[in-house]
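Given the structure of chain A, go ahead and fit chain B onto it with the hints provided.
These are the residues of each chain, in order.
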Amino acid sequence: MRFLVRRLAMLAGSLLVASFVIFGALYLAPGSALAALSGGRALPAASVAILNQRYHLNAPFLAQYWYWLENAVHGNLGISITLRENVSTLIGNRIWTTAGLVLYASLIICVGGIGLGVLAGLRPGWLDTSALVTTAVTAAIPSFVASIVLLLVFAVKLGWFPALATGGGGFATDVRTFTLPAVALALSSLAIVARVTRAAIRDEADKEHVQTAISRGIPARQVIQRHILRNAAIPITTVSAITVASLIAVSAVVETAFSMNGLGAYLVQAAQSKDLAVVQGISLVLVTAFVVVNLLADVLYAVLDPRVKLGTKAS
Amino acid sequence: MTRRHRWLRHTAALALLLAVPACGKSLSSAGSAQGEVSPTAGLVATTPPGSKPVNSVVWAVYRDVNSLDPAFAFDYPENTAISLMCESLLRQQPDGSLTPGLATVAYPSPTKIVFTVRQGAAFWDGHPVTPADVVYSLQRQMSPAVGGFYGQAFSRVGSISATGGDQVTITLKQPDYWLPGELGSMGGVIIEKAFADKEGKNYGTPAGSIMCTGPYELKSWAPGEGVTAVVNKNYWDTAVHPKVAQITLKGVSDPTTLTSGMLTGAIQGTYYGGLSTLNQLRASKAVKVYQGPGWSTDAFIVSATSGALANVKVRQALSLALDRKSLISTVYEGAALMPRWLANPGTFGYGKPVFDAAYDASAVLNQNLAAARKLVKQAGVAGQTITIGTTSQIPSIAAETGAYQAAAQAIGLNVSLKTVSANDYINFFTSPQARKGVDGFITVNYGDYADPAALLATAVLPGGSQNYDNFNDPQITSLLEQARGTADLNARARLVATAEQLAVRQLPWIPNAQPTNVLVLNSGLTGAVGSFAFMFAPWADNLGGK
Chain A
202 MRFLVRRLAM LAGSLLVASF VIFGALYLAP GSALAALSGG RALPAASVAI
252 LNQRYHLNAP FLAQYWYWLE NAVHGNLGIS ITLRENVSTL IGNRIWTTAG
302 LVLYASLIIC VGGIGLGVLA GLRPGWLDTS ALVTTAVTAA IPSFVASIVL
352 LLVFAVKLGW FPALATGGGG FATDVRTFTL PAVALALSSL AIVARVTRAA
402 IRDEADKEHV QTAISRGIPA RQVIQRHILR NAAIPITTVS AITVASLIAV
452 SAVVETAFSM NGLGAYLVQA AQSKDLAVVQ GISLVLVTAF VVVNLLADVL
502 YAVLDPRVKL GTKAS
Chain B
30 MTRRHRWLRH TAALALLLAV PACGKSLSSA GSAQGEVSPT AGLVATTPPG
80 SKPVNSVVWA VYRDVNSLDP AFAFDYPENT AISLMCESLL RQQPDGSLTP
130 GLATVAYPSP TKIVFTVRQG AAFWDGHPVT PADVVYSLQR QMSPAVGGFY
180 GQAFSRVGSI SATGGDQVTI TLKQPDYWLP GELGSMGGVI IEKAFADKEG
230 KNYGTPAGSI MCTGPYELKS WAPGEGVTAV VNKNYWDTAV HPKVAQITLK
280 GVSDPTTLTS GMLTGAIQGT YYGGLSTLNQ LRASKAVKVY QGPGWSTDAF
330 IVSATSGALA NVKVRQALSL ALDRKSLIST VYEGAALMPR WLANPGTFGY
380 GKPVFDAAYD ASAVLNQNLA AARKLVKQAG VAGQTITIGT TSQIPSIAAE
430 TGAYQAAAQA IGLNVSLKTV SANDYINFFT SPQARKGVDG FITVNYGDYA
480 DPAALLATAV LPGGSQNYDN FNDPQITSLL EQARGTADLN ARARLVATAE
530 QLAVRQLPWI PNAQPTNVLV LNSGLTGAVG SFAFMFAPWA DNLGGK
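For the protein sequence lines, the chains are A and B, in the order given.
According to the working numbering, the first sequence is numbered sequentially starting from 202.
According to the working numbering, the second sequence is numbered sequentially starting from 30.
Isolated chain A (complex conformation) (with noise of 0.2 Å):
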């Protein structure tokens, strides 16, 4: 419970700071929101004005962040300039297709990352060579390169998925549209993951309880399941949150490239037009998903060592 309480005081320390930077950032960052609201066309001075009352454009730095944090308390996160629309809503439109894609990716990553890791990890030969080369290649592709390919070669080639996602359609039609972003996202982090797995479960194999285990004839299913994934656990889940967390920021440049409509690329879209209340409601959402993901992988270490402590080792 008070290990609760603490991760609950963290996360909002967080996400005060995080709001605070990010709006500092944006506040200092070139460009104005008037000229993204008018388009770059010259305005009347009385037009200019109504537009810098409405928005507040014109109050002090503090001021203009007070007033947002003080709406955003009361559960008010603005609406956006450019669409004169709740960012709440504006957010809820979007937040599945990014949630949808992370899971998914996620997904990938630890059934094929940890999969493939444990598998070359416990299988020396010819399959980990091969498994160590395509990961060191995959590894270094980013995600944009990776999107490219994929679409070029499986919805422009060959025509199995869908080059864009154009909405509609049950959850067949989803999993269909979603399967490339998600790979495309999940690739190179899939590698990492792999090879971190693999690394993890030969340290493991090569102890020396592990290897009197074996010499005292105990079975290898059992060596295997009880001394070398137990322990190699903590280190897979360690890399795995962290790359885990890592998607939902990478997640911005595969929904550009698949023209999907995910919070993301709606980051990107609002920085640009200075669209600060979307930045800052979109951020504060990531912000909560990353701590959320740690959290969890905290958790998790409890449950798989029972040696380590809550709120201990989660500071």
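This list has only true hints and no planted wrong ones.
With a Cα cut of at most 30 Å, we get these calculated DSSO-like pairs of lysine-lysine: (1) B:K575 <-> A:K358; (2) B:K202 <-> B:K141; (3) B:K314 <-> A:K358; (4) A:K358 <-> B:K317; (5) B:K81 <-> B:K317; (6) B:K81 <-> A:K358.
Some residues of chain A that are not near chain B, with every Cβ distance over 10 Å (derived): (7) L212; (8) H257; (9) L320; (10) T339; (11) D375; (12) A400; (13) V492; (14) L496; (15) V500; (16) L505; (17) P507.
For the record, the hints were derived by calculation from the structure and aren't laboratory data.
From the three backbone atoms N, C-alpha and C, an ideal C-beta is built for every residue, glycine too.
Coordinates of chain B only, in the frame set by chain A:
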């Protein structure tokens, strides 16, 4: 009168990766066929009407639509969406001519314009269009409280009032024959007063809705997903029968995605200028690429008030030294004409024979380095430095800046660059501070209606919204002022043509290319408007299956 500049769209670097292996274009050959032929020959203003019904079409715009309120429509996505569904008092036809739209127009005196609402004209909800709706819509555009973009277009308007059961009269402070053009674009879109009053601040936003008169009506708008329009079954003009039941406008910001979408049929159509994958699309059987008359001009805005470029001879030399043909082939993949004037010949919406004759008599702005060097020598500016405002983040602008660098160096001028981020590029247009020390920068610019004067006026009139070098030529000013007050179309065309001919000698802006309007359609479809008029008037009335 209001004008928007637009910097070329953010072509992502990704596109290059996809495009490079596909196109083996040579710099010298492409584009050379353009320009030598008469203005808009070979361009299609309309594509053959579709004959078969189509259930649904996904149409791409270069980013998400931000507003459906005509007062806030300033860029391609908003215009494409609003012109699909809404109508203006007057209508710009695909060939640029101005015809009755929701109303017919008469000029009882030079300072009075009378609009008579067309019989049967009605909103989607069946309510007839009344003079009250017209007065409301126009006054809303003018109102500083609304903060719309078209207020300046109404600068000569004294009053707007309903003067009969179906009549609205605009009284002008001074004759203004440019106003009707504005009323044939976003500034003249008529919306329903009662509906807009009820919606208040939400009108035209995703939270609210809109009420227009066009052949398509708004079905839904989910930001990010797109704007979906369906056929308005009660369309007042019974001669029009749209064949596509539903059109979804989807923002696709990445040219690579757009290209693969078009090639796979996930996207069935788009108007997309400066597309880096045009040759790849041309080569595909799945799509057809049309080029129509354009209204926009790609130019180098001179903002120098002192220094080398303030000298007309140096501007002429720079213009002569510019290699426009390779610029048209690299930046536009051939989809642009060689310029002769500042105006794109696609804007000859009236007095066409007059404009065509004057245009034919004007020289193509070909490269001539010898003549350019001679001018520099005369001006005695060799070795001086000019500063160009640019951004490396927008490939087309970077490429054109490079062309200007090469031109300047070829005639013995030094170039220094003031490089800013893509986001900040807009500041060259809006902030005198950002322009300080900058002698010029690249733009793609268009007027709201098909008239060469629409763009020229912003660049050359004293106090013009884009007259950044304090250009002032009494003769050009007087010609344009006269044109604004001249009712006769041919007489007006003569005045404007003369002004253009003078301006291209003075070069307040240096024209680089006249982009054609690029329409990409799935090969199963036909009938979309091919010219830049799609920005201002319904463009899908004839769209349908082959």
